[in-house]
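J.: Residues per chain, in single letters:
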Amino acid sequence: MSELTLTVMRLGFLAVLWLFVIVAVQVIRSDLFGTRVTQRGSRRESGRPQQQAARQQAAPPQQRQQAGGGRQRRNAPTKLVVSEGTLTGTTVALQGQTITLGRAHDSTIVLDDDYASSRHARIYPDRDGNWIVEDLGSTNGTYLDRSRLTTATPIPLGAPIRIGKTVIELRK
Amino acid sequence: MSSTTNTPTHHTSTIGAIGAPSRRNTELALLVFAVVIPVFAYANVGLAINGSVPSGLLGYGLGLGLLAGVGHLVVRKFAPYADPLLLPLATLLNGLGLVVIWRLDQSPRLQQRAKYLFGAFSPDAPKQLLYSALGIAFFAVIIVFLKDHRLLQRYTYISMVVALILLVAPVFFPAVNGAKIWISIGSFTIQPGEFAKIIIAIFFSGYLMVKRDALALASRRFIGLYLPRGRDLGPIITVWAMSLLILIFETDLGTSLLFFGMFVVVLYVATERTSWIVFGLLMSSAGAVGVASFEPHVQQRVQAWLHPFSDKVMAQSDQVAQSLMSFGSGGVLGTGLGQGNSDLIGFAANSDFVFATFGEELGLAGVMAVLLLYGLIVERGVRTALAARDPFGKLLAVGLSSAFAIQVFVVGGGVMGLIPLSGMTMPFVAYGGSSVIANWALIGILMRISDTARRPAPAPIANPDAEMTQVVRP
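Protein sequences, first through last, are from chains A and B. So in my numbering the end of the first sequence lands on 172, straight run, no missing numbers. So in my numbering the end of the second sequence lands on 474, straight run, no missing numbers.
So here's chain B without its partners, still in its complex pose:
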């Protein structure tokens, strides 16, 4: 800032804009904290299981610290005004996920199970660390190359096509464990739904930004609700039909709920009409009940949700029952890291059911803290939407954060027995490359929007005509 002792003749031109502080140092302090906590957890697991500090502690701590450091430096250079909380929150969740995956790698039960089923056991934690590195790299690429989120608006309809292809593609690949949500290329598999989530948010916000006036204004009032015209129901019916098709052909409840839920949220934010939420809830419940009446895979999930301990369900899979037992035996303060029996869940203990390990070993107190971390990410996303000045950025930030929130709700609710279980992963925490990489990309886009939104207005350009025009004033 310029000094306070300017002479009156020069003062108009020397005043610079005092913007919001960039808060990068706050971010750095929180990042250090967010790296230290998982390192503590890692040491805690080692002490509980082997009675000694694990040998990989230094390497693991340095690895996570390096990732966080690279992320921070990229943000400091290319998005200096971005939200200070998103990166530390995501880093902490990612780090906690790595610890829990490593902890489950140490379980003799899961090692034996893997040897019995696949002939060999390979630890998942190093792979997850690699995926996290790829995720941070993707995050950095977005921050560096996406200079302005409004560029994405140009690809509104292209992103619709890409998202449809990504969503439809798994139909042509064999089902893995009952759900067709995977594309396999050679030896590795991708879960395209995770990436489609981001791409379709771009389509929804670009499309609704253009159409929102028609959807909001042309309506009749009926018992306190604005009823949209029949022809305006087109988009919502299309998205509804699409999510039902996903549910039927890919038997994936989670993805289906995620897309329809995100669309309804963005539609509501764009039009400010409560009637859309009412319609959305009615349509999704009608659709879900309808599909559940004839689709055996969905019926099975509903049975496991309603009667997790019944003989019929236990004969097929005891996963939900084991998950509920994990949460129960954790109690309020948990059994302590490395001292639970959540490995009894067996299959998908470190991916879909990873939250049960948190529930057992950290207890209610830990689960609440982790859910608050997710809640804070969503809060920062919505806050970014409030701060954003362009309607596309607002809708995109709302779409991405609502997708994140719905995903946490669907997975968390499924694991805890609140809603039927669906094949999705807890963002950042669960084992899985697609999930980690896609969620880092999501955080990258949110940070780009918040950087644009929080950036102070540029300093006034010295107007060469100013001297002339001001002379004329009386």
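Extracted from the complex, chain A is given alone in its bound form:
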């Protein structure tokens, strides 16, 4: 085997090995910059307009796509953010699913908080796409702003919901 071929193979092999590493890092990159970015695109096409539909009944689909900065769109929360407590920084995308909060392991947000009950509260969208918080008979109560919840209550955008030491908000 000629010297040249072997040198080309040697360098080629190193290049291929590094190419694999770079491709693998490209796959990881989506973690660093948030896998949510790609999903938001798909949600905008399918999930979001459904939530919006109640308010934009008359708008044809094309117009909805264009109305990215429209007023109604801006007022609908898209994510739930934990702003205080041990889980600070956790976000959950609001996709029309019910979000349960509590210490139980199968909750959507598992609270590691001595003041929380195992099934403490739930947050769900009603028919019109408004998000509702409901206390599930917790021991220490769920607070919206400063008042303790007694019934299912719609959540204003950015209003703090307090459970023990954890505070969550709905944001755009």
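Just so you know, these hints were derived from the structure itself, not from any lab. Computed from a predicted structure; not experimentally measured. Glycine included, C-beta positions come from ideal geometry on N, C-alpha and C. It is possible that some hints are incorrect.
[Claimed, not checked] According to the in silico footprint, chain B covers these stretches of chain A (three or more CB under 8 Å from chain B):
# : region
1 : 3 to 11
2 : 104 to 115
3 : 162 to 169
[To be verified] DEER-style ranges, computed between Cβ atoms:
# : chain 1 : residue 1 : chain 2 : residue 2 : range
4 : A       : THR139    : B       : LEU227    : 30 to 36 Å
5 : B       : VAL278    : A       : ASP126    : 33 to 39 Å
6 : B       : PHE294    : A       : VAL81     : 21 to 27 Å
7 : A       : LEU157    : B       : ALA286    : 38 to 44 Å
Model the placement of chain B on the given structure of chain A, informed by the hints.
T.: Relative to the frame of chain A, chain B by itself:
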């Protein structure tokens, strides 16, 4: 997904959860890549040594491809949301290991040495391929039968007992080459430390999940450090004493470092107290220096590390010196696969010292790439821990990936002369059944945790009362 043209009356019930993409196709593409690279390397070795493409190329490529394919299909069926990188990374390392072991099988020096010592030479690569198949089978069994990693939490204390038995057992078997890390049953031998690594990670995470509040909160502050109470030092002292006993009775520096290091990492992650790391480092260095002062086997290793080229060390074994020469002669770009002289290492050239062959034939560039592959596996493990929602899963993922990282560091550092050499194997790459099988099991558990962590929340169940309650709303 449902269409966008739902009428308003039905829209709440038809919205499905849009989860993270499962990324199985990314995994498949990377797997193909991860099989092609070792096949290329295999052809390269054959061309360099014999001047022709080796005859086993097709069989070897198909074998590795079949293993990867089986692994992929099992993951696609039973853990569809698992991390897409772990399987390709492990496959690539395993494939590269097979190539290098096959390359060392072709070495006339090692063949003669085997004939001289044992009367016959038997190639190791086919055996390693068999071990890899067993490893993938074990991996598949874990993915299929371990539906939820939290089941392992039930066996916290049982796993402690099992791990202790596995760790203590080699004491009762004769030492092989100075270290008692083997159990021999009939004709084959097992290295129980490799399996104990996984089992003890289950114990550490189960135990610390329960005790972490006591360990984290009950402490006094002293010059910026949280000093734990005396009685809370119990567990760390127990594990420390155990790892020292392993070091003394089994004269195995690697296993000892691995267990203590993993415990300190998991303890730190569970309690978020830097003081544990400080204590851990102090205790391990005190322990290591203490044992080295009277244990001849450890002293010998330290001498070989400090003065690898001295006459005294060379008279006993020139392995470390040969390994350093291999790395040196590889330079930046290496000599090319099949064209190095790393077979001069002789004994354990394809197991403990396999990394020296990478160093010589692929050079610094290749060694860095391989270390990055290990780093990516560890990164995926830690990432899984971040994504996991249950504390047990978090600690287990951290424990397993830190064990993996420590093992790579201990072996790589030993071979390169950074720390004293210890009898451990480079995961996936080195020849050895226990190591390959145990590390595939480790990857299996990590993938199970990541599948649970990345799985999107289930679609909301249609609540029959919803219609009723919503009518009452103003």
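J.: Which constraints among the numbered hints does this structure fail? Numbers only, ascending.
T.: 3, 5, 6 and 7
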